[in-house]
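**Student:** Sequence:
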Amino acid sequence: GEFIYKISRSFFGFGCYLLPVILGIVGISFMRKGTLEIARLHAIMGATVILSTLGLIDLSVNGIDKSTIITYGGQLGRMVGWIMKPFGVYGGILILGSILIVSLIILGNEKPNLVAIWTISLPHLPSLKKIKVSQILAT
2 GEFIYKISRS
12 FFGFGCYLLP
22 VILGIVGISF
32 MRKGTLEIAR
42 LHAIMGATVI
52 LSTLGLIDLS
62 VNGIDKSTII
72 TYGGQLGRMV
82 GWIMKPFGVY
92 GGILILGSIL
102 IVSLIILGNE
112 KPNLVAIWTI
122 SLPHLPSLKK
132 IKVSQILAT
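All residue numbers for the sequence shown refer to this note's numbering, where the first residue is 2 and numbers rise by one.
You may find that some hints are simply not true.
[As the list claims (entries may be wrong)] Ranges of calculated distance between the beta carbons of each label pair, as one might list FRET restraints:
1) Gly25 x Thr72: 21 to 29 Å
2) Gly28 x Ile102: 18 to 26 Å
3) Pro87 x Ile29: 15 to 23 Å
4) Ser61 x Gly109: 19 to 27 Å
5) Pro21 x Ile45: 30 to 38 Å
6) Arg10 x Ser61: 15 to 23 Å
7) Trp83 x Phe31: 18 to 26 Å
8) Phe4 x Ile107: 30 to 38 Å
9) Ile45 x Ile8: 39 to 47 Å
10) Gln76 x Ile39: 24 to 32 Å
11) Tyr18 x Ile94: 30 to 38 Å
12) Pro87 x Phe4: 16 to 24 Å
Honestly, the hints are just simulated from the structure, not real lab data.
Computed from a predicted structure; not experimentally measured.
Where a beta carbon is used, it is the ideal one built from N, C-alpha and C, also for glycine.
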C-alpha cells in the first residue's frame with residue numbers, strides 16, 4: 002500500500018486525494034441504465050477536472066519557471082503547467098480556471114429527482130406522495 006501511495010503521490014501530488022472522488026462520480030454515471038453517452042462525457046470531464054486542478058496547483062506554487070516543488074501538483078501538474086508556459090502565470094490560471102469551471106458544470110449537469118427523494122425521506126407528509134411530477138413541472 003505504501004508503494005502505491007508514493008507512486009500516486011509523486012504522479013498526482015495532492016490530486017491523489019481528488020482522484021477517488023472523481024472516479025466515484027464517473028463510476029456512478031457508468032452504472033446508470035441507458036446513460037453510456039453521459040458516462041463517457043463524465044469520464045472525459047473528470048479527467049479534465051483532475052488535469053486542470055493539478056495544473057492550477059502547479060502554476061500557483063511554482064509559477065512559469067521550472068517546477069522545483071512537485072509535492073502539490075505532482076508530475077502531471079508539472080506537465081500541464083509546462084504546457085501553459087507561453088501564456089504566463091495569470092493567463093494559465095485564467096485558462097485552466099475556466100476549463101475547470103466548465104468541466105464542473107458539465108460534470109454536474111444531471112437534474113436530481115427531488116420529488117422521489119422527498120417522498121422517501123419524508124414519509125410523514127402524505128401530501129407530497131399525491132403530487133405528480135407533471136404537476137410540479139407545469140407550474
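**Student:** Now tell me, hint by hint, if it's right for this structure.
**Tutor:** Hint check results:
no. : hint                       : verdict
1   : Gly25 x Thr72: 21 to 29 Å  : 25 Å, holds
2   : Gly28 x Ile102: 18 to 26 Å : 23 Å, holds
3   : Pro87 x Ile29: 15 to 23 Å  : 37 Å, violated
4   : Ser61 x Gly109: 19 to 27 Å : 24 Å, holds
5   : Pro21 x Ile45: 30 to 38 Å  : 18 Å, violated
6   : Arg10 x Ser61: 15 to 23 Å  : 19 Å, holds
7   : Trp83 x Phe31: 18 to 26 Å  : 32 Å, violated
8   : Phe4 x Ile107: 30 to 38 Å  : 35 Å, holds
9   : Ile45 x Ile8: 39 to 47 Å   : 24 Å, violated
10  : Gln76 x Ile39: 24 to 32 Å  : 31 Å, holds
11  : Tyr18 x Ile94: 30 to 38 Å  : 21 Å, violated
12  : Pro87 x Phe4: 16 to 24 Å   : 37 Å, violated
The earlier numbered hints that this structure contradicts are 3, 5, 7, 9, 11, 12.
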